[in-house]
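Residues per chain are reported as follows:
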Amino acid sequence: GAGVSQSPSNKVTEKGKDVELRCDPISGHTALYWYRQSLGQGLEFLIYFQGNSAPDKSGLPSDRFSAERTGGSVSTLTIQRTQQEDSAVYLCASSLDYGLGRDGELFFGEGSRLTVL
Amino acid sequence: AQSVTQLDSQVPVFEEAPVELRCNYSSSVSVYLFWYVQYPNQGLQLLLKYLSGSTLVESINGFEAEFNKSQTSFHLRKPSVHISDTAEYFCAVSREGGSQGNLIFGKGTKLSVKP
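Heads up: the protein sequence lines correspond to chains A and B, in order. For the first sequence, the working numbering assigns the number -17 to the initial residue and increments by one for each residue that follows. For the second sequence, the working numbering assigns the number 2 to the initial residue and increments by one for each residue that follows.
Hints were generated in silico from the structure; no laboratory data involved. A quick note: this is a predicted structure, and the numbers were derived from the prediction, not measured. Keep in mind that the hints are not guaranteed to be accurate.
To be verified - Using 30 Å as the maximum straight-line C-alpha spacing, the simulated BS3-like pairs for lysine-lysine come out as follows:
#	chain 1	residue 1	chain 2	residue 2
1	B	Lys70	B	Lys115
2	B	Lys70	B	Lys50
3	B	Lys50	B	Lys108
4	A	Lys39	A	Lys(-7)
5	A	Lys(-7)	B	Lys70
6	B	Lys108	A	Lys(-1)
7	B	Lys50	A	Lys39
8	A	Lys(-3)	B	Lys108
9	B	Lys111	A	Lys(-7)
10	B	Lys70	B	Lys108
11	B	Lys108	A	Lys39
12	B	Lys70	B	Lys111
13	B	Lys50	B	Lys115
Please take these sequences and the hints and turn them into a complete structure.
Encoded structure:
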């Protein structure tokens, strides 16, 4: 597609349930990122996939969070046993894997708004 | 490690007035600096960036930012704002030579332009 596509755009779930959020990056982009945007907290880095390298998971807040990227394209962020503090907008971005000095631009999707009741 | 501080969470301004959105960073190494903008109900978009060379960088819609190494700042300015500039603006920093995975974002500044 023309841009980064995320689904669902909105998800309301009950505490304790598992949720899956999907990201379809721009075709040809080898790098993919997940961020979490909470009210007044800016963007919190979660995880970064770069080509076939092992993902950088350093931003995942707990072991309830996991992500995978299949075939170097679509990515799924899974949150197990959701808690109310998981409520946020989850943003996915993709980029060409050239490093910031050459390109420097992340292309963001519109986000998936998660509400945990 | 790098960090970014955006001192103003909200900035209300009247149309055609000048505006400055402040961004300060902390880093022990040389950095790249970015401003991203998020219009209502849209994803973030790159507004402008400083990688090297001229310390004054400009966007296509009239915004500019100046890299000030001594003050560790990268403030965003526009001499005359429009209603359509209403959005949330995020400053971001990465170490020079770093990859996109190293981008650190500030908490954002909501610019509200009133008629």
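Quiz item: Which of the listed hints are not met by the structure?
Solution: 1, 5
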